[in-house]
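Enquirer: Chains as they are written, first to last, in the working numbering: chain A, 1 to 259; chain B, 1 to 320.
Hint data in this document are derived by calculation from the structure and do not stem from the laboratory.
A virtual CB, placed ideally from N, CA and C, is assigned to each residue, including glycine.
Just so you know, not all the hints are guaranteed correct.
Interface residues of chain B toward chain A, partial, derived using beta-carbon atoms under 7 Å [claimed, not checked]:
hint, residue
1, 200
2, 204
3, 213
4, 226
Ranges of calculated distance between the beta carbons of each label pair, as one might list FRET restraints [claimed, not checked]:
hint, chain 1, residue 1, chain 2, residue 2, range
5, B, 221, A, 61, 50 to 60 Å
6, B, 127, A, 190, 51 to 61 Å
7, B, 22, A, 190, 51 to 61 Å
8, B, 127, A, 197, 56 to 66 Å
9, B, 129, A, 131, 49 to 59 Å
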Amino acid sequence: MAKRIDVSGLHVYYGDFLAVEDVSMTIEPRSVTAFIGSSGCGKSTFLRTLNRMHEVNPNARVEGKVMLDDLDIYGPDVDPVAVRREIGMVFQRANPFPTMSIYDNVIAGAKLNNQRLSKREADEIVERSLRGANLWEEVKDRLHKPGAGLSGGQQQRLCIARATAVEPEVLLMDEPCSALDPISTLAIEDLIANLKENYTIVIVTHNMQQAARVSDRTAFFNLAGTGKPGRLIEMGDTNRIFTKPEKKETENYITGRFG
Amino acid sequence: MTTTDSSTPARVPTGRRRIGDVIFANTASGAGALILLILAGVAAFLIIQSMDSLRANTVNFFTTTDWNASTREDPAFGVAALAFGTVLAATIALLLATPVAIGIALFIVYYAPRRVAALLGYIVDLLAAIPSVVYGLWGVVFLVGQLRPFYDALENYLGWIPLFAGPVSATGRTMLSAGLVLAVMILPIITAMSRDVFHQVPQANREAALALGATRWEMIRMAVLPFGRPGVIGGAMLGLGRALGETMAVAMILSPSLVISPFLLQSGNQTIAAHIALQYPEATGYGVSALIAAGLVLFAITLAVNMGARFIVARRKEFS
Ligand SMILES: Nc1ncnc2c1ncn2[C@@H]1O[C@H](COP(=O)(O)OP(=O)(O)OP(=O)(O)O)[C@@H](O)[C@H]1O
Ligand SMILES: [Mg+2]
Chain A
1 MAKRIDVSGL HVYYGDFLAV EDVSMTIEPR SVTAFIGSSG CGKSTFLRTL NRMHEVNPNA
61 RVEGKVMLDD LDIYGPDVDP VAVRREIGMV FQRANPFPTM SIYDNVIAGA KLNNQRLSKR
121 EADEIVERSL RGANLWEEVK DRLHKPGAGL SGGQQQRLCI ARATAVEPEV LLMDEPCSAL
181 DPISTLAIED LIANLKENYT IVIVTHNMQQ AARVSDRTAF FNLAGTGKPG RLIEMGDTNR
241 IFTKPEKKET ENYITGRFG
Chain B
1 MTTTDSSTPA RVPTGRRRIG DVIFANTASG AGALILLILA GVAAFLIIQS MDSLRANTVN
61 FFTTTDWNAS TREDPAFGVA ALAFGTVLAA TIALLLATPV AIGIALFIVY YAPRRVAALL
121 GYIVDLLAAI PSVVYGLWGV VFLVGQLRPF YDALENYLGW IPLFAGPVSA TGRTMLSAGL
181 VLAVMILPII TAMSRDVFHQ VPQANREAAL ALGATRWEMI RMAVLPFGRP GVIGGAMLGL
241 GRALGETMAV AMILSPSLVI SPFLLQSGNQ TIAAHIALQY PEATGYGVSA LIAAGLVLFA
301 ITLAVNMGAR FIVARRKEFS
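Bound conformation, chain B alone (with noise of 0.2 Å):
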């Protein structure tokens, strides 16, 4: 007993913090101090071991598009075709992935019948944990291969569009190729992230769009994509993340050229994760390091596009 009067009861808080209390709280900010010290550090790294490479070079980093890093002395590489080719390759792979997810938790959250979509459920989370070499391996084993007349007649509809010139590439090992396995390989996280927060909307939201004389689809566009917006680019995020981040499936489809190329049905293009991967065994004097300088990049990249995407959601906070 801490009280002196004993008419008082113990019962009132006496002001001492209790010791659960303590102990979680300063776990909990160590962890979050934590990860802030990891990401510094790892940023400190990355800027630290590329000075090396990015003070010798003799040329623009941000604008060449050559690698000449293995060298002891007057290294030339740049990263502008690199760092395009993974813009491009992610971008291709979350447009044509998006549409499909949401339409996918769509039907698994309000159309499918309750055993349908809890088997489709099942799948979904069962896909996104499949390792991307299984994705990269059935790239390129068996997509790419039965790609060729599909690119042959996108090329003879809509090549008069630059995206899809001609020639085709007789491999298939293409661009737009790995922006499809890409897509493939992020479908699953992005439907599983739609799903979860299409299931979160109120009833009260759905009701009140019903009562009002909505139809299913109606309902949908009118209570549920525009609450599950958020969850649904982060979603997205989570993937152009993992996309942008790729390097297995990207190295093992794409036949590399360090070239700036729209061209999405010839082969060319390369992306940084894949660069880095296939050049770090083979790199020596100033190679590693300008490795290293385009891991940079990617990180930057995909600071920059999270970045991007909270802003996109924090913008219309004020309605949810």
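One chain only, chain A, in its complex shape (with noise of 0.2 Å):
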């Protein structure tokens, strides 16, 4: 599992406005890529480029390169659908299937995949994806109460689990604990930590400390100015990044001087 995305001259449109231009970066496997920068710099629009979610907007288009390994996910013959099961997405807020109990949240993306499910296969793999969000042992005795009955903390992690489910190679979340007390969130920073073993993570986060404590490398955004398009400005290891930032831009954004 776990494979490296590599994303060349990236350009991002909604319809004629270029919302992201030219990015350019190696995501590296088995490590927690953080995306910073000011609002409306264009983090969550790239994120949804690197699993095609972004399609679901019928305006949104892109031009460049995304490698994963050496599948280009915008080749003329790829499926977006084939592209999402390998890289999954958790959202900034947690999105539970509402009619879903918690055992069919988890396994519902394992299902598509295979059809003819035994229950035997079907309950190892919930246990072991809400094992490995740790979820398992606060839900493990209401499996079939609805998902949406969980806390806002619970909630985002039964998501995790459920794109865990699918063992995709890649996890994008934007902003996963943005909507999450401080107790939850570090639950999700240390189930970060854990699941990098496995996969490629990428965070969306506004919250420094959350880039510092749980990244290994950090990106940059921003926006060159009101109306411009948001741009990669500097890319490198997270502990770098906040003690010699190598752009004036990145200082000021991180240090919280702006302008």
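Join these two chains into a complex; the hints should help.
Expert: Below, the structure is given as structure tokens:
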């Protein structure tokens, strides 16, 4: 498991509006890469191009290249559905299926890949994924209760379990903790630290301490100005970015000075 | 100023209820009470008016199929055939219309290009507003005539199922025709309701499915249909209500006979609503009261169906 992502010369448009301009970067396997940057600079937009989720928006389009190891995910006969099975996603607001039980939520994706999952295999996947998401002990007695009945932090871990149940190569997380309290946030950060042994993880965060705590590498995005596209300013080892940033903009951002 | 102490600002709520609130609350509860009153009033009317004939009835009202009520003494009438016909016609209509309606709604919301979807949506709303007589006319004058070859084929290939046993009615004025016209009639309303609820499926749910690697159809099965289920059922119940009570279209299409016949391709059967409409002008003696009794049964069927639907929707409430 865990593959490398190689982005080169990526532009992302919404209709005629260029939202993200000319991003090239390498995301290493079995590590955590954090995206930071001010609001509206295109972090979510860029993240969603990595598993072709942006195509859900009919106006959005992409120029450039994204390689998953040696697969060009925008290649002419690559199915976006297949890409998304390899590259899972966790959203800002926990979004368990409201009509499904905890159990069914976890197994939903795995069932897509394998219609004839036996009961025993399904049980195994559910338990393994929930354990992996540090949620098993809390929910093992109510697996068949609705997923929407969990607390916000539990729901987010349920969503992580659901995403990992399909055993993707890469896990994209868009501000997974922004709606959570500090305790749940720590639980998820611990979880991320465990998950990186098996997955390539990308996390968008507004919380600089969080980026410093969980990530191995950090990418800083910024807007050239209002109405201008977002750009990747610099990327490197998290330690270095937070202690010796090369660019003035990065330094201003991480020290809280803007302008 | 109601404050006595000038040092406390008057902004603090005084606990006095605002006049607008009071008016609104009273109007709203008044309207609610009115609905209940009307419902109770109608039920009471039906019960009282039907008592006359029901008391005089010489046969069991619920098991008899014949209808001899327009006499001054010894009426003998029963609602069995009518109730059967009513439920049968409405069931056929619902079974035919609901899947098609769901399909159209899904197409409008998730597959059609935006312009096509807008146009289709508009047409659906338009169809829902067409009065039922028009559907009835269309059914009698056009549809029924066209169905013959189709019915013959049904009998040929599926005749071994009792439902489709021959001989096929020569006029095509059969239960299946009535059910078909009713289906066309309730299709728009079910489609419109389903479309609205499919539109409301949160983007977060749909994206959750897609991000797991669901195809569009799998996304619909995982996120859209379960979420839309109560709305679709609600739409189907509205349609069913309309089909149960539909008078003109059925009266025009069916050639009535008061038998309990499960043979959809043969003539026969009748529904309560059409029966009332056809019999009322000639009703004498106990006739009117007997028809009201039939109306009471229709009222009860409709009520039961609605409560059944609510039960189905509520059973999985925990999950929505
Ligand atoms: N669906 C959309 N249609 C059109 N423009 C969009 C859409 N989504 C985002 N944008 C625009 O693209 C730019 C980047 O937005 P994006 O959501 O990627 O920023 P972000 O860095 O994730 O911000 P935040 O930190 O607030 O989440 C913004 O200018 C935004 O207005
Ligand atoms: Mg964002």
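Enquirer: Indicate, hint by hint, whether the structure satisfies it.
Expert: Results for each hint:
1. 200: Not OK, violated: residue 200 of chain B not within 7 Å of chain A, min 12 Å.
2. 204: Given a least distance of 4 Å, the restraint on residue 204 of chain B holds.
3. 213: holds (3 Å)
4. 226: holds (4 Å)
5. B/221 / A/61: 50 to 60 Å: Given a distance of about 28 Å, which is not inside 50 to 60 Å, the answer is violated.
6. B/127 / A/190: 51 to 61 Å: holds (57 Å)
7. B/22 / A/190: 51 to 61 Å: With a Cβ separation near 55 Å, residue 22 of chain B and residue 190 of chain A satisfy 51 to 61 Å, so the hint holds.
8. B/127 / A/197: 56 to 66 Å: Since the Cβ atoms of residue 127 of chain B and residue 197 of chain A sit about 59 Å apart, the hinted range of 56 to 66 Å holds.
9. B/129 / A/131: 49 to 59 Å: Holds - the Cβ-Cβ distance for residue 129 of chain B and residue 131 of chain A, about 56 Å, lies within 49 to 59 Å.
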